Amino acid sequence: MQSTSTAEAEILENDRRWYLLQKRRDELEIEQAFSIFRANGIEPVLIKGWAAGLSYPDDEPRQFTDIDLTVSASDYERARLILLLGELSGVNIDLHNEFRLLDTLSWDDLFANSRLVKLEGTEIRVLRPEDHLRILCVHWLTDGGANKDRLRDIYYAVANRPSDFDWDRCLDVVGPNRRRWVLYVIGLAGKYFNLPLDDLPFADEAGRIPKWVIKRVEKEWRDPVHLLPLLSFVHDRKQFFRQLRKRVPPNPIRATVEMEGNLDGNMRFYYQVGCFAKRLPAFFRGAAAYVRSRFKR
Amino acid sequence: MQNPQFPTARKTGLVVQEMPDELLVYDTENNKAHCLNRTAAFVFKSCDGGKSAADIASLYSLESGNKMSEDMVWLAIDQLNENDLLEQQVKSLFAGQSRRDVIKKIGFASIVALPVIASLVAPRNALAVASCQCTAPVDCISGSPSYPVPPCPTGTACLSNTCVTP
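So the protein sequences, as listed, match chains A and B. Per this note's numbering, residue 17 is the first one in the first sequence, and the count goes up by one each step. Per this note's numbering, residue 211 is the first one in the second sequence, and the count goes up by one each step.
In short, the hints are calculated from the structure, not lab data. Quantities reported herein were computed from a predicted structural model and do not represent experimental measurements. For glycine and all other residues, C-beta sits at the position ideal for the given N, C-alpha and C. Incorrect hints may have been included.
What the hints assert, rightly or not - Here are some chain B residues pointing at chain A (derived, C-beta under 10 Å):
#1 F216
#2 V225
#3 V226
#4 Q227
#5 M229
#6 E232
#7 V235
#8 A243
#9 C245
#10 V326
#11 A328
#12 L330
#13 V331
#14 A332
#15 P333
Just chain A, with the same shape it has in the complex:
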């Protein structure tokens, strides 16, 4: 058993070193991305990933596979062009056109309240903690609650929030439906990761997570099939149909959020229908573009 413990310790040490290196590499890429965009007169805002990791303890690295950068609508096409021209070749950037579904506050408001965080020699623009927590919660729901581990983002964003964290800014700047979305995600972090909620002003409300939401997230966590872009599997019929089955009907949590709905009500079916109808045109457009791009190759 000693040799097993030693082997396990070695594996853990290997993993720790690996993640430290990956973190450094990712940070260099973030610096590079900001540098290139700024050189082209574009000021991005970094969300999720590294920004979420700011709340994490030092000994618990927050992994991420891409860099989520949000730019203003007026800069979006130029930013896309920069990426298409390969100026950030090798850097996996997920470019967002403002915040769209993720928030209802205006870009100007969110940008004006953003802050700069030092990363080595570069200042990285991130949202203020209240706005980022809200967006993290909504994003978690747009994934249909499928990613249990990402509740850690919520956990640490709340547990390690700054002393001047303004809950009114976090919760009361959006409508009542969205407010409850955020509260329920915080409640889920409390339920599954023991996030202490008692001292929070909305503890009772956050604890009243609809039963169907709990049932659904637990179902998602048991499902070995994760939602991935459908067109990624056109060459694999088995995976393609698995992904298709996962989409029909649409995840009710995701559907509720996409339809700006109420998680407490009984409108899930209608949200799902609405969400399905809303996504169909985009699906056909994407499929047509994919076919065109494949023929070009």
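Following the hints, complete the assembly by docking chain B onto the known chain A.
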């Protein structure tokens, strides 16, 4: 043309993370990660194209107060060579000799730890997280028709947008 007796450590394509007792190096060109122990790290950082192995050994002795043999430096240089961490390939001083023979020659009695460059293996869940293969920049731009392209073939993993064998 670089004098191979004055090795130069690579700078481009490497991500370096200093730790208290070791140096972690990620090679973005071949997606390999290495852990250099203190001795190997010292030699790596001293390989600036202007120092010979003897110079590096003297520098170590000066800075640490402990003696490092030139052979020890060459052992480190050999490993840097093997792991493609030098700007140019350097002819091994120990050509034809096994690593065991070299170490015997250097001796275990030295206070200075033998230089070691260990390869790091990508953790399993790191492989699971990376599921995007981009063969062209456009493939990894969200919103583009092919984002992201199919995941990597079985037995390979996606790192820095290419499929590599872990």
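Status of the hints after comparison with the structure:
1. Because the closest C-beta pair between B/F216 and chain A is about 28 Å apart, greater than 10 Å, the hint is violated.
2. Satisfaction of the interface hint for B/V225 is found here, the shortest Cβ-Cβ separation to chain A being roughly 4 Å, below the 10 Å cut-off.
3. With its C-beta approaching chain A no nearer than about 8 Å, B/V226 sits inside the 10 Å limit, and its interface hint holds.
4. For B/Q227, the suggested interface contact is upheld, since its CB lies about 4 Å from the closest CB of chain A, less than 10 Å.
5. Because the smallest distance between the Cβ of B/M229 and any Cβ of chain A comes to about 7 Å, under 10 Å, the interface hint for this residue holds.
6. Checking B/E232 against chain A: minimum C-beta separation of about 8 Å stays under 10 Å; hint holds.
7. For B/V235, the interface hint holds, since its Cβ comes within 10 Å of a Cβ in chain A; the closest pair sits about 8 Å apart.
8. Interface hint status for B/A243: upheld, as the beta-carbon distance to the closest one in chain A is roughly 5 Å, under 10 Å.
9. Against a cut-off of 10 Å between C-beta atoms, the interface hint on B/C245 holds, since the closest Cβ of chain A lies about 6 Å away.
10. Checking B/V326 against chain A by beta carbon gives a least distance of about 13 Å; that is not within 10 Å, so the hint is violated.
11. Given hint, B/A328 at the interface with chain A, holds; its Cβ is 8 Å from that chain's nearest Cβ, closer than 10 Å.
12. Because the beta carbon of B/L330 sits about 5 Å from the nearest beta carbon in chain A, less than 10 Å, this interface hint is met.
13. With a cut of 10 Å, the hint placing B/V331 at the interface with chain A holds, because the nearest CB-to-CB distance is about 6 Å.
14. Checking B/A332 against chain A: minimum C-beta separation of about 6 Å stays under 10 Å; hint holds.
15. Contact between B/P333 and chain A, as hinted, is supported at the beta carbon level, the nearest pair being about 4 Å apart and thus within 10 Å.
Of the numbered hints listed earlier, those contradicted by the structure are 1, 10.
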